[in-house]
Amino acid sequence: MTQNGVNMASFIRKNAALTPYKKAVVVPGLKPLKNGSATYASYTFKQLEQATDNLARGLCSLGIKRGSRVIVMIKPSLEFYTVFFTLCKIGATMVMIDTGMGLKNMKTCIEEVAPDAYIGIPISHIPRILFRWGSKTIKTNVCVGSKFFFGGHAYKDLMKSDDSPFPIAEMGVDEPACIMFTSGSTGVAKGAIYTHGMLTTQTEYIKELYDLGSKDSDLATFPLFGLFDVCIGMTSVVPEMNAAKPGKSNPVKLIQAMEDNGTTCMFGSPAVVDIVSRYCEANNVKLPFLERVISCGAPARNDILERFQKALNEGVEIYTPYGATEALPVSSIGSKMILGETAAETDAGGGTCVGLPTGDIQVKIIKITDEPIKNFTPDLELPEGEIGEITVKGSVVSPGYFKRPEQDTLAKIKDGDGFWHRMGDVGKLDSQGRIWFCGRKNQRVVAKDKVYFTIPCERIYNKHPKVFRTALVGMGKRGEQTPVIFCELEKNAQDINPEALIKELMELGSKHEHTKDIKHFLLHPSFPVDIRHNAKINREKLAELAPEALKGRI
218 MTQNGVNMAS FIRKNAALTP YKKAVVVPGL KPLKNGSATY ASYTFKQLEQ
268 ATDNLARGLC SLGIKRGSRV IVMIKPSLEF YTVFFTLCKI GATMVMIDTG
318 MGLKNMKTCI EEVAPDAYIG IPISHIPRIL FRWGSKTIKT NVCVGSKFFF
368 GGHAYKDLMK SDDSPFPIAE MGVDEPACIM FTSGSTGVAK GAIYTHGMLT
418 TQTEYIKELY DLGSKDSDLA TFPLFGLFDV CIGMTSVVPE MNAAKPGKSN
468 PVKLIQAMED NGTTCMFGSP AVVDIVSRYC EANNVKLPFL ERVISCGAPA
518 RNDILERFQK ALNEGVEIYT PYGATEALPV SSIGSKMILG ETAAETDAGG
568 GTCVGLPTGD IQVKIIKITD EPIKNFTPDL ELPEGEIGEI TVKGSVVSPG
618 YFKRPEQDTL AKIKDGDGFW HRMGDVGKLD SQGRIWFCGR KNQRVVAKDK
668 VYFTIPCERI YNKHPKVFRT ALVGMGKRGE QTPVIFCELE KNAQDINPEA
718 LIKELMELGS KHEHTKDIKH FLLHPSFPVD IRHNAKINRE KLAELAPEAL
768 KGRI
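Note that this note's numbering has the sequence shown beginning at 218, numbered continuously upward.
Be aware that a few hints might be false.
[To be verified] Calculated lysine to aspartate or glutamate pairs in the DMTMM-like style (CA-CA distance at most 20 angstroms, straight line):
1. LYS584 x ASP625
2. LYS680 x GLU707
3. LYS364 x ASP374
4. LYS432 x GLU508
5. LYS584 x ASP647
[As the list claims (entries may be wrong)] Just the calculated beta-carbon pair ranges, DEER-fashion:
6. ASP428 x GLY280: 42 to 48 angstroms
7. LEU347 x ASP666: 49 to 55 angstroms
8. LEU762 x ALA565: 26 to 32 angstroms
Hint data in this document are derived by calculation from the structure and do not stem from the laboratory. Idealized CB from N, CA, C, for every residue including glycine.
All chains should be built: construct the whole structure from the sequences, respecting the hints.
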């Protein structure tokens with residue numbers, strides 16, 4: 218990769234030249250046909266290239282330029298793709314914030330970024346005006362839809378047609394393309410800086426890792442992956458769903474979108490994969506058009522993989538890349554290896570294997586501490602098979618957080634001219650160099666004489682046929698915590714006798730050294746989960762319920 222001339226928008230121009238009439242983006246149409254069939258709107262690569270050229274001229278006329286920070290509040294749509302690649306083309310920085318974090322947290326994130334402009338759908342402008350989001354710095358407002366009383370500029374009026382291509386800004390590899398805020402599900406929301414070099418390398422890694430290209434089309438249930446799709450030259454198919462609540466998706470609509478558009482790939486969080494797999498199993502539905510499935514956001518359980526595998530053609534794999542907002546992909550593994558090689562150790566409480574590191578990623582497992590580590594030293598590293606904190610180094614790792622020096626101090630460890638990024642996860646390496654994920658570091662339970670890790674413990678109880686999932690939490694002060702297991706039952710579970718169920722769970726735990734001392738179990742109707750993938754369990758919220766629920770029992 219050269220030091221200059223890197224820009225994600227270059228992928229679109231290249232694909233527009235190679236496959237001008239191939240669909241780049243497909244989105245749900247406004248109205249279904251009279252017979253109930255879904256309709257779709259789309260851009261070819263040529264149309265997407267023209268739209269980004271036209272919008273770039275319009276935004277530049279408003280003063281948006283290289284280095285401008287722009288808040289984008291648009292649902293997955295033709296406009297979302299157009300705005301992202303337009304801002305890249307200009308050299309501006311797109312800022313993405315999860316709406317599910319709440320208005321107060323959103324305001325904090327926006328004020329922290331000090332944006333120059335705001336581009337959003339009409340409903341997003343209401344809190345912007347009411348709560349004065351970015352009022353001290355935002356000079357330009359654009360409404361994607363009817364302006365009503367919002368003022369500013371209408372998106373459609375900014376499409377400035379011209380026969381000449383808009384010049385793509387030549388960005389350095391270290392210049393920011395976007396600021397992607399973490400969901401805040403595992404701590405305070407932080408703006409991870411994505412550079413043009415980082416995004417370009419991610420695109421190349423994903424393309425090579427999963428053998429993707431212009432021959433493919435993808436059901437993109439997560440906006441960021443949809444952007445990679447079109448850079449690779451694939452068709453990104455946006456289904457009818459609420460991207461903020463993937464766990465509530467309608468499997469019928471997801472499958473219809475795949476069938477109607479001939480998708481060869483499906484990308485979804487474990488929550489989406491679970492929903493589709495259950496529907497396919499219950500209705501004997503097959504998905505013969507899929508050549509690969511990619512699921513990330515949290516490790517997919519073995520039972521979900523087994524169920525989904527039945528709907529796929531023989532030999533088709535479900536891939537589960539491991540990573541985070543700050544580093545993706547760190548590693549990847551396929552269902553063939555999971556179900557054929559690593560499942561037994563996972564079922565015994567050995568953690569979830571997430572595969573070998575990808576590309577130039579280096580991985581080290583270090584001693585667990587909640588304190589900052591200034592410099593990397595050899596004595597930090599743990600031997601093979603021992604659980605510690607996962608740290609990574611490589612070109613797909615974010616260089617830092619925007620205006621968060623304290624968070625950078627906690628997350629980065631200097632090592633010569635580079636750094637190691639602390640994932641905040643615990644895990645181990647096996648003899649083959651594969652990573653085994655064992656949970657979040659800050660969710661470990663530290664008792665007087667033992668440390669309990671979430672994933673190894675929960676897997677033991679998840680094997681019960683009436684249990685959908687479990688969550689390990691700690692009650693009390695760290696170092697003196699009491700481990701507690703919360704249980705969410707399968708929706709179709711019947712004739713539940715809580716006392717008998719808990720006895721059965723204790724019996725399961727008694728067979729394993731790492732769970733034999735867990736004595737307290739609580740039932741919960743529906744676990745709180747993260748706002749982005751609806752897959753990560755919010756164990757902190759559950760932990761708050763434990764003292765009252767167990768009052769008088771401990």
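| query | Does the alpha-carbon distance linking LYS584 and ASP647 stay inside the 20 angstroms limit? | reply | Roughly 16 angstroms between the alpha carbons, so the hint for LYS584 and ASP647 holds.
| said: Does GLU707 sit within 20 angstroms of LYS680, going by the straight-line distance between their CA atoms? | reply: holds (12 angstroms)
| Would the pair LYS364 and ASP374 pass a check requiring their Cα atoms to be no farther apart than 20 angstroms? | Between LYS364 and ASP374 the Cα gap is close to 11 angstroms, so the pair holds against 20 angstroms.
| query | Within 42 to 48 angstroms or not, the Cβ separation of ASP428 and GLY280? | reply | Roughly 43 angstroms apart at Cβ, these two residues keep to the hinted range, so it holds.
| query | Does LYS584 pair with ASP625 here, judged by a C-alpha cut-off of 20 angstroms? | reply | holds (19 angstroms)
| field | Given hint GLU508 paired with LYS432 - CA-CA distance at most 20 angstroms | value | Cα-Cα ~11 angstroms, so holds.
| query | Taking 26 to 32 angstroms as the hint, is the beta-carbon distance of LEU762 and ALA565 inside that range? | reply | holds (29 angstroms)
| request: Kindly confirm whether 49 to 55 angstroms is satisfied by the beta carbon distance between LEU347 and ASP666. | output: About 53 angstroms separates the Cβ atoms of LEU347 and ASP666, which means 49 to 55 angstroms holds.
Of the hints listed earlier, there is not a single one the structure fails to meet.
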